[in-house]
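Residue numbers (full-length UniProt numbering), protein chains in the order written: chain A, 1 to 545; chain B, 1 to 545.
Any given hint could be a false lead.
Simulated crosslink set (DSSO-like; lysine-lysine; CA at most 30 Å straight-line) [stated by the list, open to error]: (1) A/103 / B/386; (2) A/226 / B/80; (3) B/278 / A/315; (4) B/478 / A/154; (5) A/107 / A/543; (6) A/218 / B/478; (7) B/478 / B/440; (8) A/99 / B/155; (9) A/386 / B/155; (10) A/99 / A/543; (11) A/481 / B/386; (12) B/386 / A/107; (13) A/218 / B/218; (14) A/80 / B/218; (15) B/218 / A/226; (16) A/386 / B/68; (17) A/428 / B/154; (18) A/448 / A/478; (19) B/93 / B/481; (20) A/99 / B/386; (21) B/80 / A/386; (22) B/80 / A/218; (23) B/107 / B/525; (24) B/315 / A/155; (25) B/386 / A/93; (26) A/68 / B/278; (27) A/543 / A/525; (28) B/93 / B/525; (29) A/103 / B/155; (30) B/315 / A/80; (31) A/99 / B/154; (32) A/68 / A/93.
Everything labelled a hint here was simulated from the structure, so no lab data went into it.
Residues per chain are reported as follows:
Protein chains: 2
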Amino acid sequence: MHRFVSAAGRAAGRGPGSCCRGAGEEALRGAVGRPPRGVRLPREGTARWSSAAKASAVKISEKASREKILTLESMNPQVKAVEYAVRGPIAHKAGEIEKELRKGIKKPFTEVIKANIGDAHAMGQRPITFLRQVVALCTYPNLLDSPSFPEDAKKRARRILQGCGGNSLGAYTASQGINCIREDVASYIERRDGGVPADPDNIYLTTGASDGIASILKILVSGGGKSRTGVMIPIPQYPLYSAAISELDAIQVNYYLDEENCWSLDVNELRRSLNEAKGYCNPKVLCIINPGNPTGQVQSRKCIEDVIHFAWEEKLFLLADEVYQDNVYSEGCQFHSFKKILYEMGPEYSNNVELASFHSTSKGYMGECGYRGGYMEVLNLHPDIKGQLVKLLSVRLCPPVSGQAAMDIVVNPPVPGEESYSQFIKEKESVLNNLAKKAKMTEDMFNKVPGIHCNPLQGAMYAFPRIFMPSKAIEEAKAHKMAPDMFYCMKLLEETGICVVPGSGFGQREGTYHFRITILPQIDKLKILLEKVKDFHMKFLEKYA
Amino acid sequence: MHRFVSAAGRAAGRGPGSCCRGAGEEALRGAVGRPPRGVRLPREGTARWSSAAKASAVKISEKASREKILTLESMNPQVKAVEYAVRGPIAHKAGEIEKELRKGIKKPFTEVIKANIGDAHAMGQRPITFLRQVVALCTYPNLLDSPSFPEDAKKRARRILQGCGGNSLGAYTASQGINCIREDVASYIERRDGGVPADPDNIYLTTGASDGIASILKILVSGGGKSRTGVMIPIPQYPLYSAAISELDAIQVNYYLDEENCWSLDVNELRRSLNEAKGYCNPKVLCIINPGNPTGQVQSRKCIEDVIHFAWEEKLFLLADEVYQDNVYSEGCQFHSFKKILYEMGPEYSNNVELASFHSTSKGYMGECGYRGGYMEVLNLHPDIKGQLVKLLSVRLCPPVSGQAAMDIVVNPPVPGEESYSQFIKEKESVLNNLAKKAKMTEDMFNKVPGIHCNPLQGAMYAFPRIFMPSKAIEEAKAHKMAPDMFYCMKLLEETGICVVPGSGFGQREGTYHFRITILPQIDKLKILLEKVKDFHMKFLEKYA
């Protein structure tokens, strides 16, 4: 046996600029690797791969293929354990059905409606004009001379570009984000919170909120065995949390939201959950999602105080996921930031409680998911840890700069007196008013269906109705090795083309079943959608009665 | 003691939409938390935080502050172990000096020059017009009607938008990236590699190359103790690798590049390194950086064949970091992709070797770092693992969509006959020709300085010269608890304002010292920069002689 050198390789040899020393023939003696006979090796730069050669390669592939290095058995078991239902099996199935539709395969519907994800623009929502004008100006600064762009947009674009290396969106920024944008975020927080001070130094721009949440969790997790870090999360939760916890091999500590009381958070339940967890891990982190995803509740000021007090008392690091802060619809509900309440509770709290809160360009009225913009404000971080956090973020260099620019417009929109103000407000209010209408309509429609109960959609952009599952359906689901609500959602998808996410992907009390559906489709379309869900549900109940 | 409820909290109570149940007073008995006396708590929506109140809060902070939850002792030890020299202590110091300059503090220089990072636009390189036109059109589609944008740019923008949900950059894309862009990437790879087939299904768009590399490593790492995954990396390396390995608690297995032979890669050294590693871990991954960062060598075809054969023989998963594929300057050097050579070695290799290769929008001639665009092509992945990889990526939803659009233009630039072709080629060649000139100039200038030796900069965008350190300097560095080359680089920064990264941040053979400097500054500026480094070096040698 001798070492294999391809024809092309032999021809190439080592040129003057070659940067590889002799391969040490003696060390390689005994190595196998003769090329299978009959396979033409194209020469560099000349040969093209004919389709015959491709076919031949594929044919040999089947024979030659040997055991893989990376398999389900050898892979990272924590990654294997990750589940992310929002883009999980149901979304995968939706993709397959779409392909079938494109091939002309007949279905009882003509399109798949992806109500599984809060993706506003995909559902036809138009971008906020001002935001896109500013980002376009930053992208192609020649437009700064164009009379078709308003001055207030140009002013913001110039300011952002001045914060960029070489005045270009193409330069890396500081890992924490562009300074002037962090200043704008701080001003926004001060305005939002009635003047509670915010320090730009505590602001970190992120690649969507997900990136910030995962980074904070990453830095928090430590210990082994019973001293492994426990992370308290609501059930139902947004599955980014369970996924990050799994990736980090931390311990997921569930506390249950109270469905009977409009998905409210009860401090007694936090305490129960914490006390149990202390028996098997070191609970160190408490995650809150407000307004709730998938559950849509908006926390009262009193509840937030209780939670902060609990975290303070129990020495828990607080994570407040507040990406739906602009999405509050129900009368009597109001968004209160954890930061604001923390400060109002006095310095014993505001100087001590370690709190990270998160916001995003993806939700609200702008729905700019694709920009992957976001920020986090982190309070009372130990100065040493601040250095560690910046170091961790610096490995990924910086968040996408056009996402940073988009974030800037969310926190620094046109103000009264500016040229773009009226159009901006019109666009913003149109989106939010429509969402409020759709939230009410969805709740009402679901609650008219026998076997469906839906709590008020106080905020966010989803309904999470509870569905009654007949025992025959549960049995059939089990026979298919599926969670009963997964079985339900798969049937719904197959029969109507509507893609929603089963409650089991978010977590729910045992024996209860739900699904999450976004209310983002345009109002007429949403109405039809809900009617279809209703019809499907009635037939489902009938079939499995 | 009784439970603390702020004035504002008492006033607010629980409204009709309140979503928090009674906090269970009995459970909270015994909790402390009375607000410190004399601190005014502003009421919701009315009070502003006066500066006096702020000062008072700060003052009490010092008294009230108690032990943190998150400290250097309690944090994730793997994150603590991460080092990322490119944005490490030296970049931090540079930032401090910049602040001092802004304050008017006198220094022997007027500006800090950040030659520590490959950040083209920050160094004054202009963006490629066509790329920015397409991204601007995608951002603000009203511009599709503007006569000031060329038709070929509009055509590409329309195609990208058609691939986006709701025809908007603001929609999430598939986690693997927009289909038509992955198709363009596949076509690019086929053209680049002389017709070797590429399947869009094997392409994953990423948030810069870093994100792709970290994701693949994440999925690969498993085992504990002696069966922990070993990851072979070149020394010197780009510190993303050591950082990711540390974060994942994998085992870093060093193989040394041969400085005496122009930083070449010797398969005998790979074998030595692997055999040693087998004694303490399970080496499963081999990382290659070609063209080299920080070392600038370009691998010969022969060397790549040797490496592939070695990986095949030893069952190693190959990671080929090819982000500098457009940055090849030396005569006689040429970029060969691992993918292409793999196919030319025949199906025994091309059907078996598991290979992930990475590219980016950040380097090359475009230097669009801020867009965080990139892709990876992953070959011979087990189908189950493909599912696992997509699942892992889906937790972060999708790469930034404007970065995906930028990547599309890199792989699908104007072609002869198109309106923008001549300007595009002029801009591209101007950047690359300048880089080639600067590569040669830098090598020549360094090699004229006594005590500095610099290998040819065959590719990439850095020089990594070796510096002679007098023993007195080494002693003084040790007295300051610094690596000798860190000491050198800190002095260089303090005396000249030039920020470079010490070799110890990349790894180097014991007893050798280097620094990495980017050649991106404009040619006149680079010349002055190199003269300054030379003067500093001469004085340094003199001082510590």
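Each hint, compared with the structure:
1. A/103 / B/386: holds, 24 Å
2. A/226 / B/80: Between residue 226 of chain A and residue 80 of chain B the Cα gap is close to 21 Å, so the pair holds against 30 Å.
3. B/278 / A/315: Outside the cut-off at roughly 44 Å; violated.
4. B/478 / A/154: violated, 52 Å
5. A/107 / A/543: Given pair residue 107 of chain A, residue 543 of chain A holds - Cα atoms ~20 Å apart, limit 30 Å.
6. A/218 / B/478: violated, 33 Å
7. B/478 / B/440: The given pair, whose Cα atoms are some 34 Å apart, is violated under the 30 Å limit.
8. A/99 / B/155: holds, 25 Å
9. A/386 / B/155: violated, 46 Å
10. A/99 / A/543: It holds: about 29 Å lies between the C-alpha atoms, which stays within 30 Å.
11. A/481 / B/386: holds, 23 Å
12. B/386 / A/107: With Cα atoms ~28 Å apart, residue 386 of chain B and residue 107 of chain A stay inside 30 Å; holds.
13. A/218 / B/218: holds, 13 Å
14. A/80 / B/218: holds, 11 Å
15. B/218 / A/226: Judged against 30 Å, a Cα distance of about 24 Å means the pair holds.
16. A/386 / B/68: Since the Cα atoms of residue 386 of chain A and residue 68 of chain B sit roughly 12 Å apart, the hinted pair holds (cutoff 30 Å).
17. A/428 / B/154: holds, 29 Å
18. A/448 / A/478: holds, 29 Å
19. B/93 / B/481: OK: residue 93 of chain B and residue 481 of chain B at ~16 Å, within 30 Å.
20. A/99 / B/386: holds, 19 Å
21. B/80 / A/386: holds, 12 Å
22. B/80 / A/218: Roughly 11 Å separates the two Cα atoms, so the pair holds.
23. B/107 / B/525: OK: residue 107 of chain B and residue 525 of chain B at ~19 Å, within 30 Å.
24. B/315 / A/155: violated, 57 Å
25. B/386 / A/93: holds, 16 Å
26. A/68 / B/278: Between residue 68 of chain A and residue 278 of chain B the Cα gap is close to 19 Å, so the pair holds against 30 Å.
27. A/543 / A/525: holds, 27 Å
28. B/93 / B/525: Within the cut-off at roughly 22 Å; holds.
29. A/103 / B/155: holds, 26 Å
30. B/315 / A/80: Holds - the C-alpha atoms of residue 80 of chain A and residue 315 of chain B are around 22 Å apart, at most 30 Å.
31. A/99 / B/154: Given pair residue 99 of chain A, residue 154 of chain B holds - Cα atoms ~28 Å apart, limit 30 Å.
32. A/68 / A/93: Within the cut-off at roughly 27 Å; holds.
Hints 3, 4, 6, 7, 9 and 24 from the list above are not met by this structure, while the remaining hints are.
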